[in-house]
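Chemist: Quick note, the sequences are listed as chains A and B, same order. If you count the first sequence from 1, position 256 lands on 256 in my numbering, and the numbers rise without skipping. If you count the second sequence from 1, position 14 lands on 14 in my numbering, and the numbers rise without skipping.
Calculated from the structure, these hints are not laboratory results. These numbers were taken from a predicted model, which means no experiment stands behind them. Honestly, I wouldn't trust all of these hints.
Unchecked claim - In silico SDA-like links for lysine to any residue, alpha-carbon gap of 20 Å or less: (1) A:LYS47 <-> A:ARG89; (2) B:LYS167 <-> A:ARG89; (3) A:LYS367 <-> B:ARG162; (4) A:LYS368 <-> A:THR222; (5) A:LYS295 <-> B:SER290; (6) A:LYS368 <-> A:ALA231; (7) A:LYS367 <-> B:GLY269; (8) A:LYS367 <-> A:GLN275; (9) A:LYS368 <-> A:GLU294; (10) A:LYS368 <-> B:SER116; (11) A:LYS31 <-> A:ALA166; (12) A:LYS155 <-> A:HIS203; (13) A:LYS368 <-> B:ALA329; (14) A:LYS31 <-> A:LYS155; (15) A:LYS367 <-> B:GLN327; (16) B:LYS167 <-> A:ALA166; (17) A:LYS368 <-> B:GLN327; (18) A:LYS367 <-> B:ARG294; (19) A:LYS295 <-> A:GLU119; (20) A:LYS31 <-> A:HIS272; (21) B:LYS167 <-> A:HIS272; (22) A:LYS155 <-> A:ARG302; (23) A:LYS367 <-> B:LEU215; (24) A:LYS367 <-> B:GLU332; (25) A:LYS75 <-> A:ARG179; (26) A:LYS155 <-> A:ALA189.
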Amino acid sequence: MRTLFAILLLLLTLPPTAQAIDTEALFAARKDSVFQIRVLERSSASKSSIGSGFLVSRQGHIISNYHVVAALVHKPERYQLEYVAQDGRRGPLQLLDVDVIHDLALLRTDAPLSGAALELAAQPPLQGERLYSLGNPHDLGLTIVEGIYNGLLDKSLYDKIHFTGAINPGMSGGPTLNRNGAVVGVNVATGGNQLGFLVPVTHVARLLGDLQQPPPPAEQLTRRIRDQLLANQERYMDRLLAAPLASAELEGYRVPGQLGDFINCWGDSQRHPEQLIERVQQSCSSQDDIFLGEKQNSGAIRYRHELYRSLELGTARLYRYLEQRLQNADAWLGGERDRVSNFACDSGLVQGDGLSFKAVLCLRGYKKLADLYDVVLLAATLNRDDQVLLTTLALSGVSLDNARRFPQAYLESIRWIR
Amino acid sequence: MDPLVLARPVEPATALRPGVIEVLDRNGQVAQRLRLDAHAPLCVGRAYDNDLILDDPYVSPHHLRIEAGPDGISAVDLDSDNGLYLDDDEQRHTRLVLAADTVIRLGETRLRYRPSDYSVPPTLAAVSQPQRWLERPWLPLLLVPATAGFTALTHLLESVERLRPAKLLLATAAPLLLIALWAGLWALASRLFGHRFRYGVHVTIASIALLGAGLLELLLDYLGFALDLDGLELPLQALGGTLIGAALLYGHLCYCSQVSRRRLALSAGLLASGVLALVSLQQLARDPFSAAPRYHITLKPPAFQLHQGEPSAEFFQRLPQLQQRLQQALAESAE
């Protein structure tokens, strides 16, 4: 009886003790394998951005996020990379490869590092499993954060782990480990309050598997990024265009609705008491754009339907108002002069399926990423005197073929059904 | 009948009425005319006992005398400080015989002599005056309200709010005020160079130009939409605007200057082209890069759609052309 009691007592006290030992031991065992990654401005040698990274091979290969080192990819002459180890030692890093779609970067240092290469987990975690994230939040020093694995996001084009734990800026590129100390994911983003996102470790394994000997020169990285973006847009565009576009009804029109689970839609309607016009609006946007660099994203799909109805306004005034809306429409896509060209546009009257449109089609290219385009389509219906449907579609980072295919399918799916 | 009167010898007209002395302004326009008396000489100077008093500080109090002599009419210098000259000549004279159209200079004043039998050009036929219809007094009364109405209509078309008379009135007042000021400035110029205000005519010209420009824009806008020719609208508008601008300037200038019509037309054309060039330069000077698409588009009610449009498959076949334009632009920017 006494023995049984003792065992029970032991069992009761065991989990918290085991957990405490777990975190401490994990941190002690892995801290030398995690580094702060710094992007330094060459001329002033001062920090331009910081993130985290971890050792994955005995040859000095380090994994981090693409977005941590993006400045270096775009302006290699202006920036350089540096790691800072837990003991304060630092050294230069070389950028070998990137996976821009999943936001990963493969780096390497020639200097001997004291930490051991982290093992990559072979199995995904179980829902509810405790995970431990390491990184350097806000440049405060190496930190370990406990959290819970909550599966992969289902509303995303790209695999992402939903991690319930505090991931903060600066921890990007750091590893998230299971209780055995194997890497299950790479810290990549936060949605605020205990809502973190990780890149599954399988993509790290793929990046390491693609490793070329000798490493490609820096200028080929741009080529790699372009190839990855082209292949990626082909994949999701094929998926979107495999079946007729999902539709929704908007005041008598059939319009493209929520085209995929990675797209989010909102709607509202407005009527100003002083105005003689009513607006019903539905706008949709893809949720995970690919980060290319500061102020440049790719892979965005955005569209909006606005229905304007005249309330004693009269046809001439309604159409004059819509002319101005069409002329000054917001195309959503930003852009920097060193990355994208100007838009080239063409407009005309278009015969759709039982419906005429006035449409504008605009295209622009990427200066460094050949064969990738941004496309904007604006169209206004011409079937009724008392209402106009104005629709706007913007795609970023697609091939010329998809810049034609998708907007055409989009416009052709719009119908008048009353 | 009195035979004595009939027998009395008739003096030649020139002797009786020797002619007219004209004071010319800087532009060669006549500022004042004075008929010469056959029996008394005409005294010219700054002093108040002269027949012709000139307020020219370079003219002496008693500068010259114009008198009839055996060899005709002549001007005699009365030992003035600054002397007597022929129009553009530097040679000082003490006495000058005045033939028809002789211009003499004293100080900064020019005087012209014309005899009484000076032949004037034939009378112009009333219908041959091309600007006559512009001068009809009821035209501004018609055109100003028309312009106001057009402006009000445009304003109404531009807004989606419930009509508010005060706002409409305010929007209409601005262009009318502009016409009033613009015409006022030209009327002032007319008064300076042509000696008549002609405010009504200038209002007419300005109203026609403003109304014309507005109607042209509207017409091109609707035609561009109806025939699916958006691309042509802006160049045509620039061309039409320049022509209207040139016509506007020509019209105003005609009432301000005596220079030949051809030269006026030329300067009006040059001025309008200059404005066009300036506007184009402004377009060129703007930032060549824009993250937002730049395009010009028209949208009118379905009833105005004359062109049926192209099938969507053909419309989207324009993408390769757009791509070629991009390649060219990229290649140019790379150079």
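Chemist: Give a verdict on every hint.
Modeler: Going through the hints against the structure:
1. A:LYS47 <-> A:ARG89: At roughly 16 Å apart (the allowed maximum being 20 Å), ARG89 (chain A) and LYS47 (chain A) satisfy the hint.
2. B:LYS167 <-> A:ARG89: violated, 72 Å
3. A:LYS367 <-> B:ARG162: violated, 48 Å
4. A:LYS368 <-> A:THR222: Answer holds: LYS368 (chain A) to THR222 (chain A) is near 7 Å, not above 20 Å.
5. A:LYS295 <-> B:SER290: holds, 14 Å
6. A:LYS368 <-> A:ALA231: holds, 17 Å
7. A:LYS367 <-> B:GLY269: violated, 44 Å
8. A:LYS367 <-> A:GLN275: violated, 44 Å
9. A:LYS368 <-> A:GLU294: holds, 15 Å
10. A:LYS368 <-> B:SER116: This hinted pair is violated, its Cα atoms lying about 88 Å apart.
11. A:LYS31 <-> A:ALA166: It holds: about 18 Å lies between the C-alpha atoms, which stays within 20 Å.
12. A:LYS155 <-> A:HIS203: holds, 19 Å
13. A:LYS368 <-> B:ALA329: holds, 14 Å
14. A:LYS31 <-> A:LYS155: Violated. LYS31 (chain A) to LYS155 (chain A) sits at ~34 Å, over the 20 Å cutoff.
15. A:LYS367 <-> B:GLN327: Given that 20 Å is the threshold and the Cα spacing comes to 10 Å, the pair holds.
16. B:LYS167 <-> A:ALA166: It is violated: about 56 Å lies between the C-alpha atoms, which goes past 20 Å.
17. A:LYS368 <-> B:GLN327: holds, 13 Å
18. A:LYS367 <-> B:ARG294: holds, 19 Å
19. A:LYS295 <-> A:GLU119: violated, 35 Å
20. A:LYS31 <-> A:HIS272: Given that 20 Å is the threshold and the Cα spacing comes to 60 Å, the pair is violated.
21. B:LYS167 <-> A:HIS272: holds, 18 Å
22. A:LYS155 <-> A:ARG302: Between LYS155 (chain A) and ARG302 (chain A) the Cα gap is close to 16 Å, so the pair holds against 20 Å.
23. A:LYS367 <-> B:LEU215: Not satisfied, since the Cα-Cα distance of roughly 43 Å exceeds 20 Å.
24. A:LYS367 <-> B:GLU332: Satisfied, since the Cα-Cα distance of roughly 12 Å is no more than 20 Å.
25. A:LYS75 <-> A:ARG179: violated, 39 Å
26. A:LYS155 <-> A:ALA189: holds, 16 Å
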